[in-house]
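S.K.: What follows is the residue order along each chain.
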Amino acid sequence: MARKDFKVISEWVKQDSRILDLGCGDGALLKLLSKERNGSGYGVDTSIDKIKKSLDNNINVINADINNKLDYFSDDSFDYVILAQSLQVVNNPVNLIKEMLRIGNEVIISFPNMGYWKSRFYLFLKGRMPVTSELPYSWHATPNIHLCTIKDFKQMCHTNNFTIVDEVISSGKGSTVSPSLSNLLGESAIFKVR
Amino acid sequence: MDIIKEHKLSIDIPLKLKSGKTLNSYDLVYETYGQLNDNKDNAVLICHALSGNHHVAGHHEGDNKPGWWDNMIGSGKPINTNKLFVVCVNNIGGCHGSTGPASINTETGTNYGFDFPVVTVQDWVNSQKVLMDNLGINKWQFVVGGSLGGMQAFQWALDYPDYIDNAIIIAAAPKLTAQNIAFNEVARQAIMNDPDWCGGNYLKEDKIPKRGLALARMLGHITYLSDKSMAEKFGRDLKQEKIGFNFDVEFQIESYLRYQGEKFVNSFDANTYLLMTKALDYYDPVSDSEFIDKISSTMTKFLLISFTSDWRFPPSRSEEIVKTLISFNKSVSYACVKSDGGHDAFLMKNDNYFDVMRNFIENN
Numbered sequence: 000m001a002r003k004d005f006k007v008i009s010e011w012v013k014q015d016s017r018i019l020d021l022g023c024g025d026g027a028l029l030k031l032l033s034k035e036r037n038g039s040g041y042g043v044d045t046s047i048d049k050i051k052k053s054l055d056n057n058i059n060v061i062n063a064d065i066n067n068k069l070d071y072f073s074d075d076s077f078d079y080v081i082l083a084q085s086l087q088v089v090n091n092p093v094n095l096i097k098e099m100l101r102i103g104n105e106v107i108i109s110f111p112n113m114g115y116w117k118s119r120f121y122l123f124l125k126g127r128m129p130v131t132s133e134l135p136y137s138w139h140a141t142p143n144i145h146l147c148t149i150k151d152f153k154q155m156c157h158t159n160n161f162t163i164v165d166e167v168i169s170s171g172k173g174s175t176v177s178p179s180l181s182n183l184l185g186e187s188a189i190f191k192v193r
Numbered sequence: 000m001d002i003i004k005e006h007k008l009s010i011d012i013p014l015k016l017k018s019g020k021t022l023n024s025y026d027l028v029y030e031t032y033g034q035l036n037d038n039k040d041n042a043v044l045i046c047h048a049l050s051g052n053h054h055v056a057g058h059h060e061g062d063n064k065p066g067w068w069d070n071m072i073g074s075g076k077p078i079n080t081n082k083l084f085v086v087c088v089n090n091i092g093g094c095h096g097s098t099g100p101a102s103i104n105t106e107t108g109t110n111y112g113f114d115f116p117v118v119t120v121q122d123w124v125n126s127q128k129v130l131m132d133n134l135g136i137n138k139w140q141f142v143v144g145g146s147l148g149g150m151q152a153f154q155w156a157l158d159y160p161d162y163i164d165n166a167i168i169i170a171a172a173p174k175l176t177a178q179n180i181a182f183n184e185v186a187r188q189a190i191m192n193d194p195d196w197c198g199g200n201y202l203k204e205d206k207i208p209k210r211g212l213a214l215a216r217m218l219g220h221i222t223y224l225s226d227k228s229m230a231e232k233f234g235r236d237l238k239q240e241k242i243g244f245n246f247d248v249e250f251q252i253e254s255y256l257r258y259q260g261e262k263f264v265n266s267f268d269a270n271t272y273l274l275m276t277k278a279l280d281y282y283d284p285v286s287d288s289e290f291i292d293k294i295s296s297t298m299t300k301f302l303l304i305s306f307t308s309d310w311r312f313p314p315s316r317s318e319e320i321v322k323t324l325i326s327f328n329k330s331v332s333y334a335c336v337k338s339d340g341g342h343d344a345f346l347m348k349n350d351n352y353f354d355v356m357r358n359f360i361e362n363n
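Quick note, the sequences are listed as chains Y and G, same order.
Here the first sequence is numbered in numbering that gives the first Met the number 0, starting from 0 and rising by one per residue.
Here the second sequence is numbered in numbering that gives the first Met the number 0, starting from 0 and rising by one per residue.
Same shape as in the complex, but just chain G:
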């Protein structure tokens, strides 16, 4: 079992954000796995999704639970750390060590709270490029991500075509639909309507908007699973023998969702959740005025993967990206993997999915 330690990089070169605001200084917390080779051309960047973080594989000292994508990344796994040097960074605006709303703003001496600037996928890619330069990596052999992480992988190919060989974009979309944004808005409203949110400055008030954040997570969680997987896991199973004609937790699914909500509140910051959903909503690289120039000039090779039961970003959304790439004669492959796992299928072990990843990675 690999014991992994996180690293911190403190940057004092200002990062200009898409919003027009600037982060004058910031920390990036990251982990690495495997060894960077002498040519510095075996590096892989993993981009995390909405609730993810930099701890993607291996174990922290004294921790039983491995990183969130440990089934995919490690010795002999599809992203094989015997050959590849894997890097994963907690994105800015996050709440797991990199500078975010809960961090102390050195200019004011208090935490940013709701004053933390809105960050975008492009801003994350720019900050990841800063980390890349600091690690002495010349080119990513692969940039890989699922969901919001896949959007970052796509953005790398557009913004830094000379610094990436292959982009693996899993369970993603080229932009959110009205339905996607609607779910995000309900999640935000749940948080912002919690009296303990305190206009976003709950840390100064020594409060946490637990109810709102838990509700946001419960809603999100439903959209990550499929109807079938929920039916198989919970069905209409009751916690007690009989229904009680009251409003206690009666069905197993209710109990499960509440548990997920409560668990999330202890490890995630509400303002980070707001920022992440905004980054999703704003993402739309194809509408960028420079898109045609960017997509035309990139030599990146693409692999897209979707899952049949994903209704958050269904296969048709990945296929929109594939179609765009084909129309520009890009090198692209696409696999639609049969799975009942819903959107979360990208995190689960699945032989076809893993073979697709392995075969693409070993040949590129």
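Bound conformation, chain Y alone:
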């Protein structure tokens, strides 16, 4: 099953693009983009298990930590640099986005929205850190060290002069949410940044 954000990303990516997928996991996104958009490029992941799975998906994959400087990749060498559902695990999101903008023409970032009403109610009613289907970890065992809301993300982009050129916010059911209520009704967010 393709993930919800993959569908949007695949619609955004132009035919025959050069793509760098940071935190590529099992390589499913690059495999999809190769099939649907004739895209090519590399996945990057720090976990040897993910490297093995990516090789099984027959994508090019580089075993590296995206928290370090990405000096494998030269300036403007990719059409897209993608960070799908990994923003919340990186040490320094701003530095990483700067690095992504150095390498690619466009940056695509998807992340779970902590402003989603279910997360808010979890904390509000239960008085505990949210545990949801998108964020299944309890607070002490989570790899997610930089969770944010859609509003937070936009604020960070504004502060750092990252230009948001497109966005798709979807609800838990996958339907697109109106912009005015996105921070409350959106479960996951996808941004295209320059």
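Derived from the structure by calculation, the hints contain no laboratory data.
Any given hint might turn out to be false.
Keeping only pairs whose Cα atoms sit at most 20 Å apart, straight-line, the calculated SDA-like set for lysine to any residue is [as the list claims (entries may be wrong)]:
#1 Y/Lys-51 to G/Asp-350
#2 G/Lys-39 to G/Leu-83
#3 G/Lys-7 to G/Gly-57
#4 G/Lys-329 to Y/Ile-102
#5 G/Lys-209 to G/Cys-197
#6 G/Lys-329 to Y/Leu-69
#7 G/Lys-337 to Y/Asp-48
#8 Y/Lys-30 to G/Asn-363
Fit chain G to the given chain Y structure using the hints.
M.R.: Positioned in the frame of chain Y, the structure of chain G alone reads:
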């Protein structure tokens, strides 16, 4: 248990060497495993490292010990001989059957000794291409090697891009560092300063520079292991109960190294050791004036693998190759495998390492 027989190919078409010298005729000793398919497109070339040879897998008749990479190559193994036709050749300059310093030079009637020409990675690749043509193989599906073998796999992609689909380069480097060359030089000095080396012509004098070659091997062996693996295997364990305040073999590691040195002397030729270290020192394909043309034109798909505890060719050295390949938009994957095995980790069984190999090979 597969009983493997070696084959010999005698070539009388001269091989022009990078040094400018020529080998007018030479023998290549090799082994094969599995079956070449009708399309002749399932062949794998294994390139051996400094002290390796063509006996890479299976057993020779009456031999208990299998080939040096038997854990990797065979039925159902990552390099699966149920599907693939595997070839491994003893490189020229070697001492396990292919023409080398201990072979008889047909032009003089005596062994080459120190007159054997210096051979390079490129020369080996050229001789491997001669074998390939003789075996009727149109294209290698994979060329695979660790260490000095990995350098040959890289060179194949550069020199014969139309004859190789995939190169698997393990625990290698794009060129040696000053430290690497320094270790090689100490090894060479150990051999050449042994009085029994006789200016390289020890066979004519009916001598063998055993002490020098053993010392070279002991030094090399230290660089193939990691500090941690040595600590775990030997620590400060003594052979006797107490230290003796003398210079006998006291620590287990001393005993082990001496054993490795002595064992090596019985199976390896000192002049071959000198040649192999020179081939390592000279290797530097990126500085080749034609490198950009060569790397640009190759369609070879690359897999690089390094090991965390390897300090002879640490992960950063493999990453130099990966970075170069990425800068030319080549198809490349890279895995850095956690291992305490040091440089020799490429010869050891390791689940992550073997899965990486298997997954890449099965999908390409």
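S.K.: Indicate, hint by hint, whether the structure satisfies it.
M.R.: How the hints compare with the structure:
no., hint, in the structure
1, Y/Lys-51 to G/Asp-350, "holds (11 Å)"
2, G/Lys-39 to G/Leu-83, "holds (10 Å)"
3, G/Lys-7 to G/Gly-57, "holds (18 Å)"
4, G/Lys-329 to Y/Ile-102, "holds (17 Å)"
5, G/Lys-209 to G/Cys-197, "holds (12 Å)"
6, G/Lys-329 to Y/Leu-69, "holds (17 Å)"
7, G/Lys-337 to Y/Asp-48, "holds (12 Å)"
8, Y/Lys-30 to G/Asn-363, "holds (15 Å)"
In this structure, every one of the numbered hints holds.
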